[in-house]
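Participant: Next come the chains, spelled out residue by residue.
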Amino acid sequence: MSISLDEVRHVANLARLQLSETELLSFQGQLNSLLGHFEDIQNLDVSGVAPKPHAVAMQNVFARDIAHQPLPREEALRNSADTKAGLFIVPTIIEE
Amino acid sequence: MPEYVVSVGMEVHAELMTESKMFCRCPVGFGGMPNTRTCPICLGLPGTLPVPNEAAVEMVIKTALALNCTVPTDSVFHRKNYYYPDLPKGFQVSQYGETNPIGYNGFLEIPAADGGTKRIKIRRVHLEEDTGKLMHLPGGGSGVDYNRAGVPLMEIVTDFPPDIESPDEAKEYMSQLRAILIYLGVCDGKLEQGSMRCEPNISVRLKGSETYGTKTELKNLNSFKSVQLGIEYELKRQSEVLEAGGTITQETRGWNEQTLSSYLMRVKESEADYRYFVCPDLIPMNFSEEKIEAIRATLPELPLAKLLRFENDFGLSNYDAGVLVSEQYWADYFEKCVELGADPKQACNWMNGDFARMLNEAGQVGLVDGEGIEDKPASQIRPQHLVELIGMIESGAITGKIAKSVFETCFATGKLPSTVVEEEGLTVISDTSAIDALVAEVIAGNPGQVLQYREGKESLIGFFVGQVMRKSEGRADPQSVQAALRDALK
Ligand SMILES: [Zn+2]
Chain P
0 MSISLDEVRH VANLARLQLS ETELLSFQGQ LNSLLGHFED IQNLDVSGVA PKPHAVAMQN
60 VFARDIAHQP LPREEALRNS ADTKAGLFIV PTIIEE
Chain U
0 MPEYVVSVGM EVHAELMTES KMFCRCPVGF GGMPNTRTCP ICLGLPGTLP VPNEAAVEMV
60 IKTALALNCT VPTDSVFHRK NYYYPDLPKG FQVSQYGETN PIGYNGFLEI PAADGGTKRI
120 KIRRVHLEED TGKLMHLPGG GSGVDYNRAG VPLMEIVTDF PPDIESPDEA KEYMSQLRAI
180 LIYLGVCDGK LEQGSMRCEP NISVRLKGSE TYGTKTELKN LNSFKSVQLG IEYELKRQSE
240 VLEAGGTITQ ETRGWNEQTL SSYLMRVKES EADYRYFVCP DLIPMNFSEE KIEAIRATLP
300 ELPLAKLLRF ENDFGLSNYD AGVLVSEQYW ADYFEKCVEL GADPKQACNW MNGDFARMLN
360 EAGQVGLVDG EGIEDKPASQ IRPQHLVELI GMIESGAITG KIAKSVFETC FATGKLPSTV
420 VEEEGLTVIS DTSAIDALVA EVIAGNPGQV LQYREGKESL IGFFVGQVMR KSEGRADPQS
480 VQAALRDALK
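Protein sequences appear in the order of chains P and U. Read in order, the letters of the first sequence correspond to residues 0 to 95 in numbering that gives the first Met the number 0. Read in order, the letters of the second sequence correspond to residues 0 to 489 in numbering that gives the first Met the number 0.
It is worth saying that the hints were derived from the structure and are not from the lab. One or more of the hints may lead you astray.
[To be verified] To spell it out: a stretch of chain P is covered by chain U in this simulated footprint if at least three of its residues, at any positions, have a beta carbon under 8 Å from a beta carbon of chain U; those stretches are: (1) 17-27; (2) 33-43; (3) 68-77.
[To be verified] For lysine to any residue, the following SDA-like pairs were computed, each having C-alpha atoms within a straight-line distance of at most 25 Å: (4) Lys88(U) <-> Gly85(P); (5) Lys83(P) <-> Lys132(U); (6) Lys470(U) <-> Gly413(U); (7) Lys344(U) <-> Gly114(U); (8) Lys83(P) <-> Met32(U); (9) Lys132(U) <-> Ser79(P); (10) Lys51(P) <-> Ser287(U); (11) Lys79(U) <-> Leu43(P); (12) Lys83(P) <-> Tyr82(U); (13) Lys189(U) <-> Leu86(U); (14) Lys79(U) <-> His53(P); (15) Lys132(U) <-> Lys51(P); (16) Lys83(P) <-> Arg78(U); (17) Lys51(P) <-> Ile291(U); (18) Lys83(P) <-> His135(U); (19) Lys51(P) <-> Arg78(U); (20) Lys83(P) <-> Leu136(U); (21) Lys132(U) <-> Ser25(P); (22) Lys51(P) <-> Tyr273(U); (23) Lys132(U) <-> Leu18(P); (24) Lys88(U) <-> Leu18(P); (25) Lys132(U) <-> Leu34(P); (26) Lys88(U) <-> Gly35(P); (27) Lys79(U) <-> Arg8(P); (28) Lys88(U) <-> Leu70(P); (29) Lys83(P) <-> Gly114(U); (30) Lys79(U) <-> Ile92(P); (31) Lys51(P) <-> Asp331(U); (32) Lys79(U) <-> Lys83(P); (33) Lys79(U) <-> Arg15(P); (34) Lys132(U) <-> His53(P); (35) Lys132(U) <-> Arg8(P); (36) Lys267(U) <-> Gly85(P); (37) Lys267(U) <-> Arg8(P).
C-beta atoms are modelled at their ideal positions from N, C-alpha and C, and glycine is treated no differently.
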């Protein structure tokens, strides 16, 4: 199992990362070495092991439906690069 | 032009009526100032730990059971990854897989054109979280309000191949589904406010063809009427494109309420790559048989079943029964009237007729008990008012005409009909001598008509009855009046 340079480019694009050709090559190498570890795991005999849906061996952790005080708006907006009229401001979205 | 048929797959999103959000305890609400219902969890800040809302999970189980779905023993949440400013975390928590959603392989029944019912197969009912709201600002930039981000959202998807084969069936599906969600108390079903949203996938093919055409997705349908009109429009548009030798492209289109037409929003160039994976922050859910059965035991009678029962048990028309079951409180009101002894047909006529009109004009709702629903106060007319009124008409104590004015007084004052009748002296004049006196007056006052009647123009009896009734101010019993008149005119 290995990852092509195009796949790295695709994944980077999905993650909205702008990578140079050098960076792409470097990540391709790192990812392939990671995939190599998975290949080792895949070669193990796990025929007697039941599949697990989750890494944590717990079930049914829920919260009761009771509303709490939310953040004051100034707090909520504090880390935003730009705000206006109580809104988070982002670059124009041309859709819908 | 050869005949084209339409196939519709329905994707419906319903906001759940919980107090708090899906994975944090921010309050859920509509409107209000932007970004006043957020916290580090629903803003997607690093280092936060989401915990699922148990009430939301139970609401989805309830819906799944009402829609005849299988509820799995084990179910997990996944992350659906994509970037968009209305999604603060960069992923939406949702449920992936065929048998992982809280409900799968179910069906919903809609009334069929032939009078029976038709099954619409449901592929999945799953739980996810809503996104924030984006708004374009004059002068550039977009503003984001995260009040809605993280609100529990249930998605209900029909199965493929689609069972919905006409715009009417699509509207009926939506209307049945909405009624069920409201009956279950899981969603308020407000299409115009967006708490229930539907996105049909629409394709057409030549009648008789086995292959389904390319589908388009339609958005911005804010009412049942637009669901129907939008699908009708797409059927026509797609048929014309194909007939002209063109091809349908897989695209998302928007519905324009003003021009009653659809417009291109975006072309789907490739399947989105969401890279679903099990959310490591959320612990797997396990539903015991006891839990599922306990929830099943809380299911109310569903609207279509109620409608059929009203038709069969009370001999109501499909239309009347449909109006009664359209709101659960209205159906409850009707059943209370019947339980208290009212004739079902009379109760239905009053409810769907004068009472409904007056409620509408006054901006009120008719409730068995309670103060009101949302901004509408409850009418002072309770089932016992209606039952008493109907009883008084049946026993002949008041005429139907008087009953209407009594009802209006009751509506305005909250008094019982018997009180109003007594206070205003509106009981039927059954005293024969009183009626005879009125008859004599009318005969004396209309010599010309009396002559014509005696010469054989018997149809004039209606005229005489009308005159006597007017003199009695509607209080005389029309049948006694007619009998007295026929006697006197011999
Ligand atoms: Zn929150």
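Participant: Taking the hints in turn, state whether each one holds.
Facilitator: The hints, checked one at a time:
Here's how the stretch 17-27 of chain P fares: 0 of its residues keep a CB closer than 8 Å to some CB of chain U, so the rule of at least three is not met and the hint is violated. As drawn, the stretch 33-43 of chain P meets chain U at 0 residues by the rule of a beta-carbon pair under 8 Å; below three, the given contact is violated. With 5 residues carrying a beta carbon less than 8 Å from a beta carbon of chain U, the stretch 68-77 of chain P meets the three-residue requirement, and the given coverage holds. With a C-alpha separation of about 20 Å, the suggested pair Lys88(U) and Gly85(P) falls inside the 25 Å cut-off, and the hint holds.
For the hint pairing Lys83(P) with Lys132(U), the CA-to-CA distance comes to about 15 Å; that is within 25 Å, so the pair holds. A threshold of 25 Å between alpha carbons decides the hint, and for Lys470(U) with Gly413(U) the separation of about 29 Å lies outside it, so the pair is violated. The suggested pairing of Lys344(U) with Gly114(U) holds, with an alpha-carbon distance near 21 Å, which does not exceed 25 Å. Proximity of Lys83(P) to Met32(U) is assessed by CA-CA distance (about 13 Å); at most 25 Å being required, the pair is judged to hold.
The suggested pairing of Lys132(U) with Ser79(P) holds, with an alpha-carbon distance near 16 Å, which does not exceed 25 Å. Pair hint Lys51(P) plus Ser287(U) holds up; C-alpha atoms about 18 Å apart against a cutoff of 25 Å. For the hint pairing Lys79(U) with Leu43(P), the CA-to-CA distance comes to about 30 Å; that exceeds 25 Å, so the pair is violated. For the hint pairing Lys83(P) with Tyr82(U), the CA-to-CA distance comes to about 22 Å; that is within 25 Å, so the pair holds.
The hinted pair formed by Lys189(U) and Leu86(U) meets the criterion: a straight-line CA distance of about 23 Å does not exceed 25 Å. Proposed proximity of Lys79(U) and His53(P) is supported: the alpha carbons are some 16 Å apart, at most 25 Å. With a C-alpha separation of about 36 Å, the suggested pairing of Lys132(U) with Lys51(P) is violated against the 25 Å cut-off. For the hint linking Lys83(P) to Arg78(U), the alpha-carbon distance of about 30 Å lies beyond 25 Å, and the restraint is violated.
A threshold of 25 Å between alpha carbons decides the hint, and for Lys51(P) with Ile291(U) the separation of about 23 Å falls inside it, so the pair holds. Between Lys83(P) and His135(U) the alpha-carbon distance is near 12 Å, which keeps this suggested pair within the 25 Å criterion. Distance hint between Lys51(P) and Arg78(U) is fulfilled; the C-alpha atoms sit about 17 Å from each other, no more than 25 Å. Of the supplied pair hints, the one linking Lys83(P) and Leu136(U) holds, its CA atoms being roughly 10 Å apart against a limit of 25 Å.
As the CA atoms of Lys132(U) and Ser25(P) are separated by approximately 38 Å, the hinted pair breaks the 25 Å bound. Pair hint Lys51(P) plus Tyr273(U) holds up; C-alpha atoms about 22 Å apart against a cutoff of 25 Å. As the CA atoms of Lys132(U) and Leu18(P) are separated by approximately 30 Å, the hinted pair breaks the 25 Å bound. Proximity of Lys88(U) to Leu18(P) is assessed by CA-CA distance (about 22 Å); at most 25 Å being required, the pair is judged to hold.
With a C-alpha separation of about 39 Å, the suggested pairing of Lys132(U) with Leu34(P) is violated against the 25 Å cut-off. Restraint check for Lys88(U) and Gly35(P): the C-alpha separation of about 30 Å exceeds 25 Å, so the hint is violated. Taking the CA atoms of Lys79(U) and Arg8(P), the gap is near 20 Å; set against the 25 Å cutoff, the hint holds. For the given pair, Lys88(U) sits about 17 Å from Leu70(P) by alpha-carbon distance, which is consistent with the 25 Å threshold.
Proximity of Lys83(P) to Gly114(U) is assessed by CA-CA distance (about 56 Å); at most 25 Å being required, the pair is judged violated. With a C-alpha separation of about 20 Å, the suggested pairing of Lys79(U) with Ile92(P) holds against the 25 Å cut-off. Between Lys51(P) and Asp331(U) the alpha-carbon distance is near 48 Å, which puts this suggested pair outside the 25 Å criterion. About 29 Å separates the Cα atoms of Lys79(U) and Lys83(P), which puts this hinted pair outside 25 Å; it is violated.
As the CA atoms of Lys79(U) and Arg15(P) are separated by approximately 15 Å, the hinted pair is consistent with the 25 Å bound. A threshold of 25 Å between alpha carbons decides the hint, and for Lys132(U) with His53(P) the separation of about 32 Å lies outside it, so the pair is violated. Annotation: proposed proximity of Lys132(U) to Arg8(P) is violated, straight-line Cα distance about 30 Å (limit 25 Å). A threshold of 25 Å between alpha carbons decides the hint, and for Lys267(U) with Gly85(P) the separation of about 33 Å lies outside it, so the pair is violated.
Distance restraint check for Lys267(U) and Arg8(P): the Cα-Cα separation of roughly 21 Å lies within the 25 Å cut-off, and the hinted pair is therefore satisfied.
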